[in-house]
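Chain W is already provided as a structure; the job is to place chain B on it using the hints.
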Amino acid sequence: AQSVTQLDSHVSVSEGTPVLLRCNYSSSYSPSLFWYVQHPNKGLQLLLKYTSAATLVKGINGFEAEFKKSETSFHLTKPSAHMSDAAEYFCVVSDRSNDMRFGAGTRLTVKP
Amino acid sequence: ETGVTQTPRHLVMGMTNKKSLKCEQHLGHNAMYWYKQSAKKPLELMFVYNFKEQTENNSVPSRFSPECPNSSHLFLHLHTLQPEDSALYLCASTQGSYYGYTFGSGTRLTVV
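Chain order of the listed sequences is W and B.
Counting from 393, one number per residue, gives the positions in the first sequence under my numbering.
Counting from -16, one number per residue, gives the positions in the second sequence under my numbering.
Calculated directly from the structure, the hints in this document are not laboratory data.
Note that beta-carbon positions come from the ideal geometry of N, C-alpha and C, so glycine has one too.
Careful, some of the hints might be misleading.
As a list, the in silico PhoX-like pairs of lysine-lysine whose alpha-carbon atoms are at most 25 Å apart [claimed, not checked]:
#1 W:K434 to B:K23
#2 B:K2 to W:K434
#3 W:K441 to B:K19
#4 B:K35 to B:K5
#5 W:K503 to W:K434
#6 B:K24 to W:K441
#7 B:K19 to W:K434
#8 B:K5 to B:K24
To give an idea of the interface, some chain B residues facing chain W are shown, with a C-beta separation under 7 Å as derived from the structure [said to hold, decoys possible]:
#9 P25
#10 L26
#11 L73
#12 S80
#13 Y81
#14 G83
#15 F86
#16 G87
#17 S88
#18 G89
With beta-carbon atoms standing in for the labels, derived distance ranges [stated by the list, open to error]:
#19 W:S418 to B:T(-1): 42 to 48 Å
#20 W:K450 to B:V95: 44 to 50 Å
#21 B:Y82 to W:T447: 17 to 23 Å
This is chain W alone, in the form it adopts within the complex (with noise of 0.2 Å):
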């Protein structure tokens, strides 16, 4: 079985200073690990995804992200926010088969 947690429900942070989006999840077999985003009244939007080779994965818009075997974590990162930065965030984790686990968003506040 699989799973994830997104620890925060919201976020709030000022423009020009770093954003955490902080991601765990749960997987019986090695994950592909996911961020997706999305705007108000849009689709979902892939940032970046992790699939078991470089660690450190870099995304659209500068974000990037770190994934952690030992602390089953995933986090979303980036080191500026900008005003188009604000939005919902989605961390998805998927193992062998073709389903993916959604966690239940974060909402990203990007204050002037």
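For chain B alone, kept in the frame of chain W given last:
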């Protein structure tokens, strides 16, 4: 555009109406999904199709009826819906969860 197209983008229907949502992808993906996204709730998986065959029905009420005539098209037929069915309905496709899902922009459904 992501390569997964959903129509219509917005739909308002009465509880006695019959309508259909359409999803189309020409990415060569073999698996297609319907998700329901309600305000302040986690993403809910509704139906899964692999190679046109339904492989998962996540206890969805019968007033939602999916149809997958081929690997590129997926429909969700709606009839006698309830106001609580108002939500964003998202379609996704994949060639394998290792690659992640590609989402459409969704249909915003309002039942009055």
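For each hint, the structure was consulted:
no.: 1; hint: W:K434 to B:K23; verdict: holds (16 Å)
no.: 2; hint: B:K2 to W:K434; verdict: holds (21 Å)
no.: 3; hint: W:K441 to B:K19; verdict: holds (23 Å)
no.: 4; hint: B:K35 to B:K5; verdict: holds (15 Å)
no.: 5; hint: W:K503 to W:K434; verdict: holds (21 Å)
no.: 6; hint: B:K24 to W:K441; verdict: holds (24 Å)
no.: 7; hint: B:K19 to W:K434; verdict: holds (13 Å)
no.: 8; hint: B:K5 to B:K24; verdict: holds (23 Å)
no.: 9; hint: P25; verdict: holds (5 Å)
no.: 10; hint: L26; verdict: holds (5 Å)
no.: 11; hint: L73; verdict: holds (6 Å)
no.: 12; hint: S80; verdict: holds (4 Å)
no.: 13; hint: Y81; verdict: holds (5 Å)
no.: 14; hint: G83; verdict: holds (5 Å)
no.: 15; hint: F86; verdict: holds (4 Å)
no.: 16; hint: G87; verdict: holds (5 Å)
no.: 17; hint: S88; verdict: holds (4 Å)
no.: 18; hint: G89; verdict: holds (5 Å)
no.: 19; hint: W:S418 to B:T(-1): 42 to 48 Å; verdict: holds (44 Å)
no.: 20; hint: W:K450 to B:V95: 44 to 50 Å; verdict: holds (45 Å)
no.: 21; hint: B:Y82 to W:T447: 17 to 23 Å; verdict: holds (19 Å)
Hint compliance for this structure: no hint is broken.
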